[in-house]
Amino acid sequence: MSSDLHTLSGAYALDALTPEERALFATHLGDCPACREEVRELQEVAARMGADEPIAPTPELKARILAAADRQPQLPPKVTTLERDRRHRRTAWIGGAAAAVVLLLAGAFTVVRLQQPDGTPVASSPVAQVFKAPDAHTATVRTANGGRLRVATSTARGQMAVSTTGLPRLTGHSYQMWTIRNGRATSAGVIADVSTGKVLRLPADGTTVAITIEPPGGSDQPTQKPIVAMDPATV
Amino acid sequence: MSEPGLRLVPAQGPSDVDLLLGRVARGDSAAFESLYDQLAGAVFGLARRVVRDPARAEDVTQEVFLEVWRKAPRFDRSLGKAQTWVMTITHRRAVDAVRRNESQKRQDDRLPPERISHDEPADSVIHAEEKGAVRECLDTLTDLQLESVRLAYFNGYTYAEVATLLDKPLPTIKTRMRDGLIRLRDCLEGHR
Numbered sequence: 001m002s003s004d005l006h007t008l009s010g011a012y013a014l015d016a017l018t019p020e021e022r023a024l025f026a027t028h029l030g031d032c033p034a035c036r037e038e039v040r041e042l043q044e045v046a047a048r049m050g051a052d053e054p055i056a057p058t059p060e061l062k063a064r065i066l067a068a069a070d071r072q073p074q075l076p077p078k079v080t081t082l083e084r085d086r087r088h089r090r091t092a093w094i095g096g097a098a099a100a101v102v103l104l105l106a107g108a109f110t111v112v113r114l115q116q117p118d119g120t121p122v123a124s125s126p127v128a129q130v131f132k133a134p135d136a137h138t139a140t141v142r143t144a145n146g147g148r149l150r151v152a153t154s155t156a157r158g159q160m161a162v163s164t165t166g167l168p169r170l171t172g173h174s175y176q177m178w179t180i181r182n183g184r185a186t187s188a189g190v191i192a193d194v195s196t197g198k199v200l201r202l203p204a205d206g207t208t209v210a211i212t213i214e215p216p217g218g219s220d221q222p223t224q225k226p227i228v229a230m231d232p233a234t235v
Numbered sequence: 001m002s003e004p005g006l007r008l009v010p011a012q013g014p015s016d017v018d019l020l021l022g023r024v025a026r027g028d029s030a031a032f033e034s035l036y037d038q039l040a041g042a043v044f045g046l047a048r049r050v051v052r053d054p055a056r057a058e059d060v061t062q063e064v065f066l067e068v069w070r071k072a073p074r075f076d077r078s079l080g081k082a083q084t085w086v087m088t089i090t091h092r093r094a095v096d097a098v099r100r101n102e103s104q105k106r107q108d109d110r111l112p113p114e115r116i117s118h119d120e121p122a123d124s125v126i127h128a129e130e131k132g133a134v135r136e137c138l139d140t141l142t143d144l145q146l147e148s149v150r151l152a153y154f155n156g157y158t159y160a161e162v163a164t165l166l167d168k169p170l171p172t173i174k175t176r177m178r179d180g181l182i183r184l185r186d187c188l189e190g191h192r
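Those sequence lines, one after another, are chains A and B. With my numbering applied, the first sequence closes on residue 235, and no number is skipped along the way. With my numbering applied, the second sequence closes on residue 192, and no number is skipped along the way.
Hints are not guaranteed to be accurate.
To be verified - Taking lysine-lysine and the BS3-like style, the derived pairs with C-alpha atoms no more than 25 Å apart in a straight line are:
1) K71/B x K81/B
2) K132/A x K71/B
3) K81/B x K225/A
4) K71/B x K62/A
5) K81/B x K62/A
6) K168/B x K78/A
As the list claims (entries may be wrong) - Stretches of chain A that chain B covers, calculated by requiring three or more beta carbons in the stretch to come under 8 Å of a beta carbon on chain B:
7) 36–42
8) 46–56
9) 62–72
10) 173–185
Unchecked claim - Heads up, incomplete: computed chain A residues facing chain B, CB under 7 Å, no partners named:
11) A11
12) K78
13) T138
Note that these hints are calculated values from the structure, not bench results. Since this is a predicted model, take the numbers as computed values, not measurements. Think of the CB as a built atom: it goes at the ideal place given N, C-alpha and C, for glycine as much as any other residue.
The task is simple: from the sequences and hints, build the whole structure.
Below, the structure is given as structure tokens:
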């Protein structure tokens, strides 16, 4: 990590980075165990500062939250640890993506959820079917190339969809999707129509889904750092 | 980051909150209620300081606890403390709420002093010591470190916005945020 990026650990722990810088820094964290340790410590300091002036909320809020939790299923636990998987990594960035997921598990999101549903999928496409599933979880994430990607997962349909209408159009290159498991990237295909998106089978737990920019028609293995990497289970 | 392996870290067993989160991970609703009782004040307190508006702070608090409930089975204690995890989620969501709503002008005045109620947690003695420690340690920061950390953390500004507000170069603010937090960390460790 360059010394310039290195000094962003404080701003990162204070959530004082823009989404783009945040994604960049999170990628670099994947390659720097010492930086991860520093961030973990600084986040602990920030958390103590944040917990320093408690204010009791109303009893009504407690009742509301307990009732809402009662209606919410929990995510299943991870059965493999990504740290162990890193031994098998093929390329440096995959290790980075895996480490980013480890951070995701620690609650430090590398993706930024956005309220604005721009990039909403075209009404009747297969992509939209996943977004409209009654059990769909959706999120909007910023990509490193300045776009917004909408993601939906539906356990009932066993599908995951990305809506790519908010991604910058490419000329002479393609967006390619990957599933990364045990440090191994498998192509999930090129996104043929950026004006809609792509539907995948819902990946198994512990799989990272990433998008890279590749030569037209795609590559056998990723040749670039991903513009976005996410854990579908956290959508 | 210099010799991360060489600093002595006090051996600590799991805290109450860590143990509770472990039970929450197994779907224990009673543990979730206890966890709420332990942390709701801290979560709501931070949410109010950042988003200001009590109704929105309640919404943030609800989002935080539902996320904690949903993701508890995936929490890995080897990566940090449960309370840190919850407060990190709280801060992220509070800051998102503030930045999302940029049309709504943030007021520069601090949280009004009329706090409705101020519940002391059960372990109020320990908590009072903790409060004292954080405040004492904040006092050890330079003015620029303190302002940089506070504006980012409690007002939800990016470091570039902080640099503009304080009329300082970006690299200076980045560095002050980092060395300010490091100084706080070292000071808090001395208080254990």
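Against the structure, the hints come out as follows:
Taken as a hint, the K71/B and K81/B pair is honoured in the structure, with Cα atoms around 15 Å apart against an allowance of 25 Å. Between K132/A and K71/B, the direct Cα distance comes to roughly 23 Å. Compliance with the 25 Å bound is thereby established for this hinted pair. This hinted pair does not check out: K81/B and K225/A have alpha carbons roughly 31 Å apart, beyond 25 Å. In summary, the hint linking K71/B to K62/A is supported, as the alpha carbons are separated by about 19 Å, within the 25 Å threshold.
For the given pair, K81/B sits about 23 Å from K62/A by alpha-carbon distance, which is consistent with the 25 Å threshold. In summary, the hint linking K168/B to K78/A is not supported, as the alpha carbons are separated by about 44 Å, beyond the 25 Å threshold. Given a C-beta distance limit of less than 8 Å, the hint that chain B covers the region 36–42 of chain A holds, as 5 residues qualify and 3 suffice. With 11 residues carrying a beta carbon less than 8 Å from a beta carbon of chain B, the region 46–56 of chain A meets the three-residue requirement, and the given coverage holds.
Counting residues of the region 62–72 of chain A whose beta carbon lies closer than 8 Å to any beta carbon of chain B gives 8, which meets the minimum of three for the stated coverage. Counting residues of the region 173–185 of chain A whose C-beta sits closer than 8 Å to any C-beta of chain B gives 0, which falls short of three, so the coverage hint is violated. Residue-level restraint check for A11/A holds (minimum Cβ-Cβ distance to chain B is 4 Å; threshold 7 Å). The interface hint given for K78/A holds, since its Cβ lies 6 Å from the closest Cβ of chain B, which is under the 7 Å cut-off.
Checking T138/A against chain B: minimum C-beta separation of about 14 Å lies over 7 Å; hint violated.
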